[in-house]
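Protein chains: 4
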Amino acid sequence: MKELRVGQIGTGFMGRTHSNAFLQVPHFFKTGFKPVLKSVCSLDKSLQEYADTWGYESIETDWRKVVARDDIDLIDIVVPNNLHHDIVIAAAEAGKMVICEKPMCMNMAEAEAMVAAVEKAGVANMVSFNYRRVPAVSLAKQLIEENRIGRPFHYNAVYNQDYTISTNVPMGGAALWRLDSKVAGSGVTGDLLAHSIDLAEWLNGPIARVCAKTEIFVKERLHVESGKMEKVTIDDACAFIAVFENGSFGTFHSTRYARGRKNHNTFELNGENGAVFFDLECPHSLQFFRYRDPETGEKTPDHIVGWQNIHVTNSEHPYMGNYWVPGTTIGYEHTFINNFAEFLSAVNEGRDYKPDMRQAMRTQFVCDMVLESARTEKWIDLL
Amino acid sequence: MKELRVGQIGTGFMGRTHSNAFLQVPHFFKTGFKPVLKSVCSLDKSLQEYADTWGYESIETDWRKVVARDDIDLIDIVVPNNLHHDIVIAAAEAGKMVICEKPMCMNMAEAEAMVAAVEKAGVANMVSFNYRRVPAVSLAKQLIEENRIGRPFHYNAVYNQDYTISTNVPMGGAALWRLDSKVAGSGVTGDLLAHSIDLAEWLNGPIARVCAKTEIFVKERLHVESGKMEKVTIDDACAFIAVFENGSFGTFHSTRYARGRKNHNTFELNGENGAVFFDLECPHSLQFFRYRDPETGEKTPDHIVGWQNIHVTNSEHPYMGNYWVPGTTIGYEHTFINNFAEFLSAVNEGRDYKPDMRQAMRTQFVCDMVLESARTEKWIDLL
Amino acid sequence: MKELRVGQIGTGFMGRTHSNAFLQVPHFFKTGFKPVLKSVCSLDKSLQEYADTWGYESIETDWRKVVARDDIDLIDIVVPNNLHHDIVIAAAEAGKMVICEKPMCMNMAEAEAMVAAVEKAGVANMVSFNYRRVPAVSLAKQLIEENRIGRPFHYNAVYNQDYTISTNVPMGGAALWRLDSKVAGSGVTGDLLAHSIDLAEWLNGPIARVCAKTEIFVKERLHVESGKMEKVTIDDACAFIAVFENGSFGTFHSTRYARGRKNHNTFELNGENGAVFFDLECPHSLQFFRYRDPETGEKTPDHIVGWQNIHVTNSEHPYMGNYWVPGTTIGYEHTFINNFAEFLSAVNEGRDYKPDMRQAMRTQFVCDMVLESARTEKWIDLL
Amino acid sequence: MKELRVGQIGTGFMGRTHSNAFLQVPHFFKTGFKPVLKSVCSLDKSLQEYADTWGYESIETDWRKVVARDDIDLIDIVVPNNLHHDIVIAAAEAGKMVICEKPMCMNMAEAEAMVAAVEKAGVANMVSFNYRRVPAVSLAKQLIEENRIGRPFHYNAVYNQDYTISTNVPMGGAALWRLDSKVAGSGVTGDLLAHSIDLAEWLNGPIARVCAKTEIFVKERLHVESGKMEKVTIDDACAFIAVFENGSFGTFHSTRYARGRKNHNTFELNGENGAVFFDLECPHSLQFFRYRDPETGEKTPDHIVGWQNIHVTNSEHPYMGNYWVPGTTIGYEHTFINNFAEFLSAVNEGRDYKPDMRQAMRTQFVCDMVLESARTEKWIDLL
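Residue numbers (this note's numbering), protein chains in the order written: chain A, 1 to 383; chain B, 1 to 383; chain C, 1 to 383; chain D, 1 to 383.
Check the hints yourself; a few may be wrong.
It does not matter which identical chain is meant; a pair holds if it fits inside one copy or across any two.
In silico DSS-like links for lysine-lysine, alpha-carbon gap of 30 Å or less [to be verified]:
| id | residue 1 | residue 2 |
| --- | --- | --- |
| 1 | Lys262 | Lys141 |
| 2 | Lys38 | Lys120 |
| 3 | Lys219 | Lys141 |
| 4 | Lys299 | Lys141 |
| 5 | Lys262 | Lys219 |
Worth flagging that the hints you see were computed from the coordinates, not collected in a lab.
So that you can see chain A by itself, here it is in the shape it has in the complex (with noise of 0.2 Å):
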């Protein structure tokens, strides 16, 4: 088992996903690699502490001192969407593997430069879009490989939560940086729907066509660095239509104001054969329903086909064999363990990862042009 040396670029939230994920994943996968925190990098005052918990060998100040160690493997940022350009086009000039939290970037132009640095060091790389990895997800996506959903006619997906309703919710800093658009580059779009837009075109396909809506509820808040109220330029809320390539539609919904729902990342997809939704508050279920089997073609009796709640704990289904035992569960940082065991695998056999950086850029492709046709109030052709 190689030793893979890793640098944390970042301490939030997501450096402690990624943290537990890197030591989580030797318990559960064989992937031959052992990660091995080397260093972790950030200006927060508890950095230490941070080290400590995690059991970081060493601390840094300055990012570009952890890219340029030679100790260390693969670089891991978990900064702010604006400073993932930078990190990442270093990262693959040293020579490092990269993975790097989603959105990839604040725009297509930043994202066109980071797929040229990895593809030209032909390093390693991953956007960390994580909830493909929910054992329901991937199971979504066996059933759709099985042709058990058939010739799809609707893809419709939401991803809301309620948590900056209050006016007094402020913008900026460690923790509320996403609400700053020029740290952030988008609101909802980059934050949320880039996930539902990469799942989406996982399971269904490439988008064709989109027509979207925007919206800021709020308009000023107090931005937490300049102790002044400002105004609120990311979007709070985002709708659009879809088009897929393949011909079947939907909607796409995702706000910060949806009061109720904390974390409703949902997706419906309808087809001759079945059916699939899936709701990220309920993570262990995928309900389908199986209207008719594609190997005999026979339907289910009409008497008793109803939408079926598979609970996904089964040995058989997606990643669970690798946990504890039929009917136990998983949680969200198990998303992150399950990723970054795919990822080491294929590193460790030489198969490419996705999504990559390439496969990003798709999605923050569409991210840019949902924005676009929000600001233009008109349909966009993405293909």
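Add chains B, C and D to chain A, keeping to what the hints say.
Just chains B, C and D now, kept in the frame of chain A:
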């Protein structure tokens, strides 16, 4: 289409459900009969208004006069339990068909006399166990008969309500005679568990042994007739373990003190091939776990097995083809319509109807033995 | 109680729901009227059987004769959409009250003429948007009026079905005229989205802007009248983004190709104080998120806040006190009973009934503009 | 932060959950301890691989050597039930802290000796009833303590699984010793009902009386050690009625033959002020019926009362503030992490931890009496 001339005795809540059912049957079912509401009898002040609302041609205040009328074919008994015995016997002796609300009567002694009377007279008779006719419950019966459940291991039932928790609820009178044991015979055992037992034996065969526990939570209540606080002598709650003749077993639980449960009449049957779960608060759903198909012997693939929520509103589902279109629900009152349609069709075609008085006597026996077990704190054999 | 003499034109599925509602209203509501079914008109072979089943005193095959009869007070129109216009105008001119199924008509030109006719004649009129009268939907309206939702941010609606997926489903004729644009006017927009739009504007106020997309998945179908394959010209599916006058926005989605969805008519409204979600496949439930009480301004404590499944079967709930007892459900047909009771009460008391033709014309306008937006691929202002 | 040097005895499924918990506690909780995995013991061929995976510094094949080591502070016992007694006593005599998997042991005689040993030695000790530490279950405890449930009427519990239905499932060996009564002591009673009883008495106080029924559905199974068909002597299923000291009562049901139920560990407590329902298959949800607030005495208005699905993922919820962000779930393994954190914090702060061996002995007693009641077919008093 023959006229079926009805005399109803009683004008409470159950009187309304029966009146409605008589009027609605011909709109949805071809039974060969057209019910005509000839007369209704009660001592209630609003009797004339009741008769006008439902279209009864005449009113009576002495039930013996209704039974004696030549122009009446069927006596419909919807009075409190302590009056069932006398009216059924008189009706039978007068050669009338009899529909009697459940529970059948006060005890086995009464039940035996009633069965003897209707059988001697040879009159068609039913006891109104309407929940057999919830489409989802009838579908459960069908799945069992199709061997989709297979060898049964467990049958568990609950019938919980919460309307008598307050000590301020009085007992007696037209509204709350169910709390007065002299009128009701028993508490939840006759009122609620009679339904659960009827369904259990219909779906899973005879109960062989029981061991029970009852409780009275509120020891005294104001009696609306005496105007005084009186000792409560009905069972507020009752639970029992039941072993079925087929070797399966489970628990039954019923109460009027289950805060949050309005009409929580549920059962679950787990067998070798599959399982079903039903809850009357979601009456249009049957939960079905399809483990193995009995015809082919094939197991559902491990990765797609799960509880199915069958929305029992397809034309192929019991009774539903007689109503509206797939996807539209029917309600509580339709269990009576379906039940009366079954009875009238059976009468019209000269078939036996179940549950008749003889079959209902069995349920009365189980109820009596449950209460006896609770009194003696012993297991009782029922076979 | 006055007699209300009804002439029904049309004997399809909707004819049955209306006939039932006329007969059932007086059993559950005091409206001042007793409907009497005087005459029913259609070209259907089973007309006499239909009349016998529901108790119509006479039959007609020319609707003009029904409209002309002196002994009829109200014309009930349950024929395909392309006939509404002529009958409504004739009925209004004859001074009859009018009940008309939705969608109101084929297009705005028709709608304007119809409104002019009924207003000129001064006759009471309604368009049958029955889903307002689902008790859970009426409860949602009540919660909004009680300010339990507060400032609205999002309103999203879905109305999905799956009955036309097979290419073998023909179009035209008595059963499937909804697939023939010459008779239906439009596809899901008039059939399903008209309901969603009516509810949306009732609950959340006027829609200010829309941008829509429609699709035809099966391009040709056998026409049962011509016996030939013909081009399908209705909208099989339609999605649109809607911005409301109050600043909230969301998506609408409707299709007959959503495998697994039978009658999936849902809406969710998220506001500052709370949120509601409804699904017609679970019609007795309203999901309510109670974030802040408007009277006291108090937030639900963070550790006990959650979506409540209100089982809308208490006496305190809209319409439910008129039926059975708490915990017992009503069904689809009761939405018509409740609606007719509202209409008859309004007529009896000299109050305006909503939605009347004028209000329904607004829904027609929104539908027309949705289809126009889909055709032109542009945003359209509705205000 | 003190090192806590751990010696683990046993390397099965439970060994993995404990190893993971030791490693994960310091990542999420400040307990004052940092567990160090010093040694692991088993006869399993893959022992070294297990040690490598989890980072144990050494391996042993004789548990007495682990107990004897001076460099170990805590003995973690995750072997089959028949070995608990000897190891606990030896560990206590060696002055080690003890963590022991449940059920505690084979019978009360063993339990008394174990309690005597740990109490004489004065060593910190726990029996691992991890389900108390599901956040939703801990929240239920909190709601009870806040008087949000009030006077209890009913407590009902179920713990159903379905993995031994096939007659081809063998018994014995490392995987299926739970089917061999010589090793397991009992069947579902010790394996599953011990959890239900522990939760019940924690949440609702002492059980005063029981009456039970057990069953063996498959009479003979292949024993993997003898290679022969042998008589099955464990309880495949067990149900009992329980009367609590506080006057409430209900039923308990457990089986490994409930087709469709994987880990269906549920309880419902109905009280005067409210009710809670929990199902381990949806571990992040607590269903709460908020009838009356204990502080104000105010009832929830009748039209908005309903079961709330509390998504137990807010920072305000038990344990959740230690993990990720609101809306993100944790899984099965976290119940062990939370539990070990509670234990280590108690040890660190010199507080008693519950459930310790003495409290677990009570659960052993209830289990023994349940089995005795099933054998004798009599009610048994437990107080």
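Structure-based check of all given hints:
1. Both within a single protomer and between protomers do Lys262 and Lys141 lie at most 30 Å apart by alpha-carbon distance, with minima of 24 Å and 24 Å respectively.
2. For the homomeric pair Lys38 and Lys120, the shortest alpha-carbon distance inside one copy (26 Å) is at most 30 Å, but the shortest distance between copies (46 Å) is not.
3. Only between protomers do Lys219 and Lys141 lie at most 30 Å apart by alpha-carbon distance; the minimum there is 29 Å, versus 40 Å within a single protomer.
4. For the homomeric pair Lys299 and Lys141, the shortest alpha-carbon distances inside one copy (21 Å) and between copies (22 Å) are both at most 30 Å.
5. Proximity of Lys262 and Lys219 under a CA criterion of 30 Å is satisfied intra-copy only: 22 Å inside one chain copy versus 41 Å between copies.
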